[in-house]
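Student: Here's the letter readout for the chains.
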Amino acid sequence: NAGVMQNPRHLVRRRGQEARLRCSPMKGHSHVYWYRQLPEEGLKFMVYLQKENIIDESGMPKERFSAEFPKEGPSILRIQQVVRGDSAAYFCASSQTGGADGYTFGSGTRLTVV
Amino acid sequence: RKEVEQDPGPFNVPEGATVAFNCTYSNSASQSFFWYRQDCRKEPKLLMSVYSSGNEDGRFTAQLNRASQYISLLIRDSKLSDSATYLCVVNALIQGAQKLVFGQGTRLTINP
Numbered sequence: 001n002a003g004v005m006q007n008p009r010h011l012v013r014r015r016g017q018e019a020r021l022r023c024s025p026m027k028g029h030s031h032v033y034w035y036r037q038l039p040e041e042g043l044k045f046m047v048y049l050q051k052e053n054i055i056d057e058s059g060m061p062k063e064r065f066s067a068e069f070p071k072e073g074p075s076i077l078r079i080q081q082v083v084r085g086d087s088a089a090y091f092c093a094s095s096q097t098g099g100a101d102g103y104t105f106g107s108g109t110r111l112t113v114v
Numbered sequence: 001r002k003e004v005e006q007d008p009g010p011f012n013v014p015e016g017a018t019v020a021f022n023c024t025y026s027n028s029a030s031q032s033f034f035w036y037r038q039d040c041r042k043e044p045k046l047l048m049s050v051y052s053s054g055n056e057d058g059r060f061t062a063q064l065n066r067a068s069q070y071i072s073l074l075i076r077d078s079k080l081s082d083s084a085t086y087l088c089v090v091n092a093l094i095q096g097a098q099k100l101v102f103g104q105g106t107r108l109t110i111n112p
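Read top to bottom, the protein sequences are chains G and H.
For the first sequence, the working numbering gives the first residue as 1, with consecutive numbering after it.
For the second sequence, the working numbering gives the first residue as 1, with consecutive numbering after it.
By construction, these hints were calculated from the structure, which means they are not laboratory data.
Beta carbons: idealized from backbone N, C-alpha and C, even for Gly.
Just to be clear, a hint being listed does not mean it is correct.
[To be verified] Derived CB-CB ranges, DEER-like:
#1 Met5(G) / Leu93(H): 27 to 35 Å
#2 Thr97(G) / Glu3(H): 15 to 23 Å
#3 Asp101(G) / Leu80(H): 24 to 32 Å
Sequences are here, hints too, so could you generate the full structure?
Tutor: Listed below in structure tokens is the structure:
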């Protein structure tokens, strides 16, 4: 079992470019969650998805951010027209039971906007 | 009030000491509770689940007090490798969806 796979591990983008972060959940997990962690801060919930559905996007900024989890393939977190304030670690987690047994996290994508 | 509150620390304790962290949560309907550990620049990893009856895993003991909405973690005979940030985590139904809510984390440094 390969665990939760995120790529890329590190991503550098210039201001105004698009960032695409990918997450493949653990085998058998249908619940995917994205969290953002700014330097020296805690994890902030962004979005919760199940296959082809967004369950809860209450933590997503209203503009420039979107997420999907298609029937086939990984979950994608997309950030359009990145700004310096988007620089952070983005963690994806998955679960089988919707959280009753906790989540398993990927190793994260560190986005740096220059 | 934050959904999950922890003392951010930092806690600096000598090797071999006993250290305790506390956490409070605001949603009385929460059903599942966890402690996660996060090393610097790494992903959070599940340390242990927290049950109403309390549970112990080696040097680590977790307690839950539902009446006070309070969770604790005790680390005995601390090791240098215990240095990390410890995250209190609560599973709650928020806006119609179950999700884990993370505390800010408590930073622990074990000194030789």
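Student: Can the suggested window of 24 to 32 Å be confirmed for the beta-carbon pair Asp101(G) and Leu80(H)?
Tutor: For Leu80(H) against Asp101(G), whose Cβ atoms are near 30 Å apart, the range 24 to 32 Å holds.
Student: Holds or violated: 27 to 35 Å for the Cβ distance of Met5(G) and Leu93(H)?
Tutor: For Leu93(H) against Met5(G), whose Cβ atoms are near 29 Å apart, the range 27 to 35 Å holds.
Student: Do Thr97(G) and Glu3(H) keep their Cβ atoms within the hinted range of 15 to 23 Å?
Tutor: 20 Å, holds
Checked against the numbered hints given earlier, the structure satisfies every one of them.
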